[in-house]
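J.: Letter by letter, the chains look like this.
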Amino acid sequence: MNADTELLRVTGLHAFYGDSHILHGMDFVVNRGEVVTLLGRNGAGRTTTLRAILGLTGTRSGSIMVNGRETIAMATHDIAHLGIGYCPEERGIFSALSAEENLLLPPAVASGGMTLAEIYTMFPNLQERRNSPGMRLSGGEQQMLAIARILRTGAKLLLLDEISEGLAPVIVQMLAGVIRELKSRGYTIVIVEQNFRFAAPLADRHYVIEHGRIVETVTMNELAAKMDRLHLLLGI
Amino acid sequence: MSDDTILETRDLVKEFKGFVAVNGVNLRVKRGSIHALIGPNGAGKTTCFNLLTKFLEPTRGSIRFNGIDITRERPAEIARRGIIRSFQISAVFPHLSVLENVRIGLQRRLGTSFHFWKPEKSLEQLNDRAMALLESVDLAPFADSITVELPYGRKRALEIATTLALDPELMLLDEPTQGMGHEDVGRVVELIRKVSAGRTIMMVEHNLNVVADLSHTITVLARGAVLAEGPYAEVAKNPQVLEAYVGVAD
Amino acid sequence: MFEFLGITPQALYSQLLVGLINGSFYAVLSLGLAVIFGMLNIINFAHGAQYMMGAFIAWMGLTQLGGWLGDSTLQINYWAMLLIAPLLTAAIGIAIERTMLSRLYKLDHLYGLLLTFGLALIIEGLFRYFYGVSGQPYEIPEVLQGALNLGFMFLPKYRAWVIVASLSVCFATWYMIERTKLGSYLRAGTENPRLVQAFGINVPLMITLTYGFGVALAAFAGVLAAPIFTVSPLMGADLIIVVFAVVVIGGMGSILGSIVTGLGLGLIEGLTKVFYSEASAVVIFVIMVIVLLVRPAGLFGRER
Amino acid sequence: MVTHRAALGFAALLIAGLAAPQFGIYPTFLMKCWCFALFACAFNLLIGYAGLLSFGHAAFFGAAGYIAGHAIKVWGWSPECGLLAATAFAAALGWLFGSLAIRRAGIYFAMITLALAQMTYFAWIQLKFTGGEDGLQGVPRGEMFGMIDLTDNMNLYYVVFAIFLAGFFLIYRTVHSPFGQVLKSIRENEPRALSLGYDVARYKLLAFVLSAALSGLAGATKTLVFQLASLTDAHWHTSGEVVLMTLLGGLGTVFGPVVGAFVVIGLQNQLADKVGSWVQVIMGAIFVACVLAFRRGIVGELMALMHRIGLRRV
Amino acid sequence: QAKKDAGPNLSDGVVKIGVLTDLSGLYSDLAGAGSILAAKMAIEDFQAQEKGRAFKIELVSADHQNKGDVASNKAREWFERDQVDMITDLVTTSTALAVMPVAKEKNRITMVSGAAATLITGKNCTDTNVHYTYDTYALANGTGKAVVKQGGDSWFFLTADYAFGHALEKDTTAVVLANGGKVLGSVRHPFPGTDFSSFLLKAQASGAKVIGLANAGTDTTNSIKQAAEFGITPKQSLAGLLMFITDIHSLGLKATQGMYLTEGFYWDINDETRTWSKRFFEKHRRMPTMVQAGVYSSTMHYLRAVKAAGTDEAKAVMAKMKSTPVNDFFAKNAKIRDDGRLVHDFYLLQVKKPEESKTPWDYYHVRQVIPAAEAVMPVAQSECPLLKK
Ligand SMILES: Nc1ncnc2c1ncn2[C@@H]1O[C@H](COP(=O)(O)OP(=O)(O)OP(=O)(O)O)[C@@H](O)[C@H]1O
Ligand SMILES: Nc1ncnc2c1ncn2[C@@H]1O[C@H](COP(=O)(O)OP(=O)(O)OP(=O)(O)O)[C@@H](O)[C@H]1O
Ligand SMILES: [Mg+2]
Ligand SMILES: [Mg+2]
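Protein chains in written order, with this note's numbering: chain A, 322 to 557; chain B, 237 to 486; chain C, 3 to 306; chain D, 44 to 357; chain E, 63 to 451.
Simulated crosslink set (DMTMM-like; lysine to aspartate or glutamate; CA at most 20 Å straight-line):
#1 316/E x 418/E
#2 166/E x 144/E
#3 108/C x 340/A
#4 377/E x 189/E
#5 391/B x 233/D
#6 415/E x 141/C
#7 394/E x 330/E
#8 102/E x 144/E
#9 369/E x 390/E
#10 253/B x 422/A
#11 340/E x 330/E
#12 316/E x 141/C
#13 168/E x 195/D
#14 391/B x 411/A
#15 316/E x 144/C
#16 391/B x 486/A
#17 168/E x 192/D
#18 171/D x 280/C
#19 183/C x 422/A
#20 266/B x 305/B
#21 183/C x 421/A
#22 171/D x 445/E
#23 168/E x 186/D
#24 108/C x 411/A
#25 102/E x 334/E
#26 391/B x 410/A
#27 232/E x 280/C
#28 316/E x 424/E
#29 271/E x 215/E
#30 253/B x 449/A
#31 166/E x 195/D
#32 168/E x 74/E
#33 382/E x 189/E
#34 253/B x 421/A
#35 547/A x 525/A
Rough simulated footprint, nothing fancy, chain B against chain A, three-plus residues with beta-carbon under 8 Å:
#36 359-373
#37 460-467
#38 478-492
These are computed hints drawn from the structure, not numbers from a lab.
For every residue, glycine included, the Cβ atom is placed at its ideal position computed from N, Cα and C.
Construct the complete structure from the given sequences, taking the supplied hints into account.
T.: Now the structure itself:
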């Protein structure tokens, strides 16, 4: 593989929160235009992996190449400008801003982001509640907003953490559609999910994490064959 | 109102600056049942919970609990009547020990909560009961740990134990399985089933497996109003519900 | 000619105008506090000390600098100081933010209050030690000496300038924060700095500059005050408490609230001085209590 | 284990308090320290256990001083009645302030208490009986319960120490009581406490009133010691000082405020003559150092150290 | 090493003098370090006169921060622990009033030089206290009378809203009325204040010829500055009822020229005052204020009384001090009354125009020497119980 095809390469990544050592040498690769999931049990370190990529954890070491650039020593805001969009697990809606202000907040990091109109067609709830303060939105509306927010920025590498959480089934189905659509537009997406049923049909590849290490890699083709192993690892 | 109705709302309305979040909801919750409240995002489920526990003031309408009008009461009073809620995010007292967490729930009924001159020892009479409650949610071995250190799933369990300490007649659970791994979901479902004996439970939940598994009655809200009501099998076939909430299975 | 409670309309107008002048000081000071509070979630107890520093730097530039450098003709005049003093004070503020405040953001916000309280003690103590407390004179700049005859009163030109200058600064700040994207960055940055940074915004830099800006506002007010109030180490110590009350009434962190409330309370205080001067020191606190009873978040504050 | 350590601390405190004046430490200084120690402990009850930072606690301290002074000097009340009346007044004032302030939390709460205290400060300047900025001097010490002659410094010392102990013990008890438990739970997670049926506002209010009353007791005792009530005690600087004492000694520790009070008063006493206006600078520097470097305070850090050593041994 | 055989019968072998003053606050310029210096000079001069044979003398000093409780605390400590015999200076009324009863209780002496209120020799007088330098009555009386005589017969007061300001206003009002003037009104401003323009506008609207400043320190200086700014002076004139040479120094002659004020001492009265003041200036780089001169004189008077009485017991020393007139550069033939008031001459001064001032600190024209008997409050008006035998 070379730098033309791979957008993200993580090698020997260690990350800490204070004294606790969470990631113990992660290695994985995400190619351009791929959808990849990180699976694992609660507390396995999936969220930490995404945060570490953006430099949001405590100390980290190893190597993270984004688009051919080493980012391990870079400041968070500079990493973001390499074209990364992040949707955090806890959603991170700003309560002091209205829904629309939240939506407009992240600055564009590359050209080609979606327009406001496109986003509103995708999430009509948000259009209706656009002037409502962020913290007044319902749980699900906040989730939609958190995703919609990064679609505007033009970021081509999306890190999505538990985006199907707290959403009505009908919206979850729609989100699956959105991800396919994004993939077809050439976006590269890393998904962290509990909801295997949601993630499985979308991904080109699954990485299973346990105790801060990749313990299994499953490509789409191998999925059926390795189902038992996944059951064992994830308790599905 | 018949005896087997524990909670009833009439034309409950909540407006936020011109936006109607809950629009004339009539609920009737049967005593001893598990009643699920589902609906699309923003349908008004959490708002309903907030109205029932008076964390929000209804714009119109009335709430009756055990035949008594509680529409004008304050949150703490409602809680003392036996309506206890859980939160969408876990709600424990992080820097108290696990045992103390449960004891806070038990303590209220001693009636000494304002007694600043009584020693803490006076609370130790509650320890047995607290341990029993912890036992019931498999937390007994952790009794002396500081709560922050517990994993997420166990915190949820502790929260339920604390709620049970108040021996509520009616428990309101807002998305109890959200953010949990598959094993934890299973454990919580079992737990809810276990504690539902002898009390009434209302819950909001998006995980349809859980809903199907647990609930006797389901009320579907959409845009602040009741769209459908009935047992799972019936509701799940309702075309309106399919369209607004469940989506067409692919 | 009608009289109102024994006051002629002329006298009333002139008192209102004087109230407005004080109000504009309150506005600039509480604006600085609101900017810092709104963005850093820190009650800047050192604000009064920084206001005092602004005045002192102006005074030093005019009267001391020459002596220090051994050339008595060397002076930095008032106009230059309107820019230099805020910049210098902001630089000190930035140093404080970088070395101390920045370590506190993860903690309870009360620690920020305690830290700046300590800083205020240090700054005021140092100035007391070096310059005593009796106050230093500062001349009104040449062009602004004298008064305008408004018919109902002689308005010193300098006071007119104070109103114009502070209102312009207030408006510019308001525009910058509320009408540009900057405002939402700042507000979001207060709430979840790490996430905003993950969106590609250099949050630490933004916060540092914001603190510097808030401090600069205080120093600016200090320079404005130097020619009319004696320049003394204690000039900010008691004023700051009043300004806190203004910020609370306006609704903490609300930019517009602090400006409007600052001006309004200046007027109310002015009127109290006329009708019942004994109460003029407490009137703001009384209003504060009333406002809080009716609107706990302040007049312009958001309920949380 | 914990109670064991607390008992040890109590014993040490008791012995130190009883013995200190016998070792030639100037008793009036000690009395001042005990008064402030009680004040700081009362303050700590609020911030350490209810999580409420009041920046206006001097209001209670000062007000009670005036009430006690006036009752004893002008009305000729006995010292114990004066102290009681003053404490009751402080409690009432605390109830008033509390009802207003507890509607908000955090920084807002701090600001509101500050402003309310400032209002009372102006009231004291205006009211005739306080003597304005001159203060109320010449308060007779009289006889406690009609039998203990308080003009004798040693007698007074032990009375003051007894008052401190009583107050201190009440606070300790409060913290470790059913009420204290609820208070802690409110500090930890307010909405949850509310949803469990605790009327949060009333608990906070009771804590506030208790804290105010004990602060008042401290202020009234100080008036008795110095035979004088003055504006200083009601000024917001005093509110700042008590925060400093508590922070320096250790927020939310039982003995921390006592240690903090002794250190701060001792420093002020030692430094005032030698370094003049540097006292303020030094106090400020201590504040900054506490906030930046050792937020757990002296006692907090010591306890952490002991904990670490203990762990290592195990 | 006191020569006990030659010296008087001292309680602990030394005479200890405490200067309790404002070292860091508003009044540190007019008292403060200068007062300590003055006391030190007095002790040195006394030892020199006695050729070191008298007795051992020690000086202690402390900052009372203008707070009554701090002062009383310190005084108590000095009396109880350090055996201090006499405390001097005490700059604000609150500190003086707080220390006096402690001194009386411990049978020690206070010699107040810095404080101003007539309460000190009035309702709150004690028999172990001397009020040495000045009081509000003397200042108000001197200035009030002079200004009315100059034609300033209608007054309006700008009064600091606290006990001291009220007293000043009351005393001056009495003088103004007694001399045929009238008072058109007054306004109370918060203390301390920063902006006086509202109050000054009221004063202006009253049309009074004279605006009496019944305040002190920065309040006075700020009022003066702002009166000039609003064009109130020179149309109406100001009368500072409690001002010191240090205030004039910091305001400058331009802002203060022509003002009348009264002081108990001015360095440039005669050769004696000049000689002493030059000595003081050499060491302090500032000319003495009346307070500092008073500290010197009172300390000297006290030491001589101890020597004469042969003891440091307060009653005996006090009796000696009262029976011996003060005769030095500060006061001529001045006697201490039973209420503790030192009855000495005062000076009515007028601030020079900038061009009239030839040397630094050359600030005043001496317009009149107010004879002692006229300057201080008559015994008949005093509320001191000690006078009503
Ligand atoms: N801020 C933090 N400080 C200390 N430890 C943390 C912190 N955040 C997470 N951890 C710990 O790191 C480990 C991995 O957490 P992470 O959030 O990455 O898990 P996850 O795989 O995303 O699981 P889930 O989100 O389902 O709980 C957990 O043991 C967790 O307790
Ligand atoms: N305090 C408020 N002010 C304004 N609007 C509000 C407020 N609270 C809720 N809303 C709005 O009311 C609607 C219903 O919110 P609610 O939280 O009850 O939804 P929900 O059914 O719980 O949805 P979810 O499943 O997404 O949690 C939403 O559109 C929300 O934006
Ligand atoms: Mg996660
Ligand atoms: Mg919800």
